[in-house]
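Undergrad: Heads up, the sequence shown is in our numbering, so the first residue is 3 and it goes up one at a time.
Simulated from the structure, these hints should not be mistaken for lab results.
Among the hints, erroneous ones may be present.
[Stated by the list, open to error] In silico lysine-lysine, BS3-like type, Cα no more than 30 angstroms apart, as pairs: (1) K227 <-> K84; (2) K210 <-> K187; (3) K169 <-> K84; (4) K169 <-> K235; (5) K187 <-> K235; (6) K210 <-> K227; (7) K210 <-> K50; (8) K235 <-> K50; (9) K210 <-> K84; (10) K84 <-> K187; (11) K227 <-> K169; (12) K235 <-> K84; (13) K235 <-> K210.
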Amino acid sequence: MTEEDWGRFYSLDDNDGVILPSVSYYQRGMYTGNWADLIIGITYSVQKDENDPADDNEPMVDEQRMNTGSTNLFHFGLSDNKYPPDFMEGQNFLGARGIAGTTAQLIASSEQLTYNQMSRIQTGSVQQLGSMFSMPMRSAHVGDEPFSRFGIRFTFDRHNSILRVNKSQENTLDVTDTNDITSLKTFMQAIPNTTNNAVLFPNFVTTKIFTSLLVYWPFTLNRFKIQCIGAIKME
Numbered sequence: 003m004t005e006e007d008w009g010r011f012y013s014l015d016d017n018d019g020v021i022l023p024s025v026s027y028y029q030r031g032m033y034t035g036n037w038a039d040l041i042i043g044i045t046y047s048v049q050k051d052e053n054d055p056a057d058d059n060e061p062m063v064d065e066q067r068m069n070t071g072s073t074n075l076f077h078f079g080l081s082d083n084k085y086p087p088d089f090m091e092g093q094n095f096l097g098a099r100g101i102a103g104t105t106a107q108l109i110a111s112s113e114q115l116t117y118n119q120m121s122r123i124q125t126g127s128v129q130q131l132g133s134m135f136s137m138p139m140r141s142a143h144v145g146d147e148p149f150s151r152f153g154i155r156f157t158f159d160r161h162n163s164i165l166r167v168n169k170s171q172e173n174t175l176d177v178t179d180t181n182d183i184t185s186l187k188t189f190m191q192a193i194p195n196t197t198n199n200a201v202l203f204p205n206f207v208t209t210k211i212f213t214s215l216l217v218y219w220p221f222t223l224n225r226f227k228i229q230c231i232g233a234i235k236m237e
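Construct the complete structure from the given sequences, taking the supplied hints into account.
TA: What follows is the structure, given as structure tokens:
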């Protein structure tokens with residue numbers, strides 16, 4: 003992977019991507035200090051898990067995963083610097099996460115992952131707020147490589163101790179449009195930081211403990227391909 007000189011975006015010079023096999027994670031540390039407005043984003047796709055890691059054109063297949071605990075839940079967001087991530091030992095996390103007690107479904111026909119919610123995990127306490135949503139999961143295709151994009155904007159109101167969370171997603175991208183940092187940045191910067199449609203986490207105290215980008219992939223029949231991932235510190 004090549005890293006932009008300011009050190010918070012990670013992309014590929016070609017279309018190979020970073021492939022997460024079944025039940026695995028990607029974690030990348032970054033120093034942002036205390037922030038008041040931070041955006042994270044990712045360009046990605048899903049493909050059937052094959053024995054040959056180089057075979058990345060097999061379309062995704064339907065899969066269900068019972069969300070019985072943190073290690074069975076999809077995660078995309080910010081975490082602390084605990085490495086490797088250990089959700090059983092109080093990993094701090096902010097972002098999109100599967101909902102415990104549901105059965106998450108990867109649906110090939112509609113290219114989506116069901117039962118997600120904005121989540122906050124701190125000192126072992128889990129908060130999941132806002133509406134449940136499905137995440138786009140664009141499937142690989144032989145001879146073609148489309149992608150999804152997903153982004154989250156975190157805005158910290160220090161005076162009222164509230165974290166405001168907005169999201170955006172796309173599911174109709176062609177690889178020629180998405181394999182560069184600039185296009186992901188443009189998508190991320192268009193995510194609003196307004197209160198309308200935002201998820202509000204109360205009693206929020208500090209942002210400095212969230213020092214890593216994290217993707218956790220709990221599925222076994224499919225794998226997750228990251229084309230580009232990054233963060234923008236707006237304030």
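Undergrad: Hinted pair, alpha-carbon criterion (30 angstroms max): K210, K227. Please report holds or violated.
TA: holds (28 angstroms)
Undergrad: K84 and K187: Cα distance at most 30 angstroms?
TA: Cα-Cα ~27 angstroms, so holds.
Undergrad: Take the C-alpha atoms of K235 and K84, compute the straight-line distance between them, and say whether it is at most 30 angstroms.
TA: holds (21 angstroms)
Undergrad: Given the hint that K210 pairs with K50, test it: the Cα-Cα distance must not exceed 30 angstroms.
TA: violated (37 angstroms)
Undergrad: Are K235 and K210 close enough, with their CA atoms no more than 30 angstroms apart?
TA: holds (12 angstroms)
Undergrad: Below or equal to 30 angstroms on CA atoms is what counts here, so check K169 against K84.
TA: holds (25 angstroms)
Undergrad: Between K235 and K50, does the CA-CA distance stay at or below 30 angstroms?
TA: violated (34 angstroms)
Undergrad: Between the alpha carbons of K210 and K84, is the straight-line distance 30 angstroms or under?
TA: holds (14 angstroms)
Undergrad: Hint check: K227 vs K84, CA-CA at most 30 angstroms. Holds or violated?
TA: holds (23 angstroms)
Undergrad: Run the distance test for K169 versus K235: straight-line Cα separation, threshold 30 angstroms.
TA: holds (16 angstroms)
Undergrad: Below or equal to 30 angstroms on CA atoms is what counts here, so check K210 against K187.
TA: Distance of about 22 angstroms is within 30 angstroms: holds.
Undergrad: What's the verdict on K187 and K235, does the C-alpha distance respect the 30 angstroms limit or exceed it?
TA: Since the Cα atoms of K187 and K235 sit roughly 11 angstroms apart, the hinted pair holds (cutoff 30 angstroms).
Hints 7, 8 from the earlier list are contradicted by this structure; the remaining hints agree with it.
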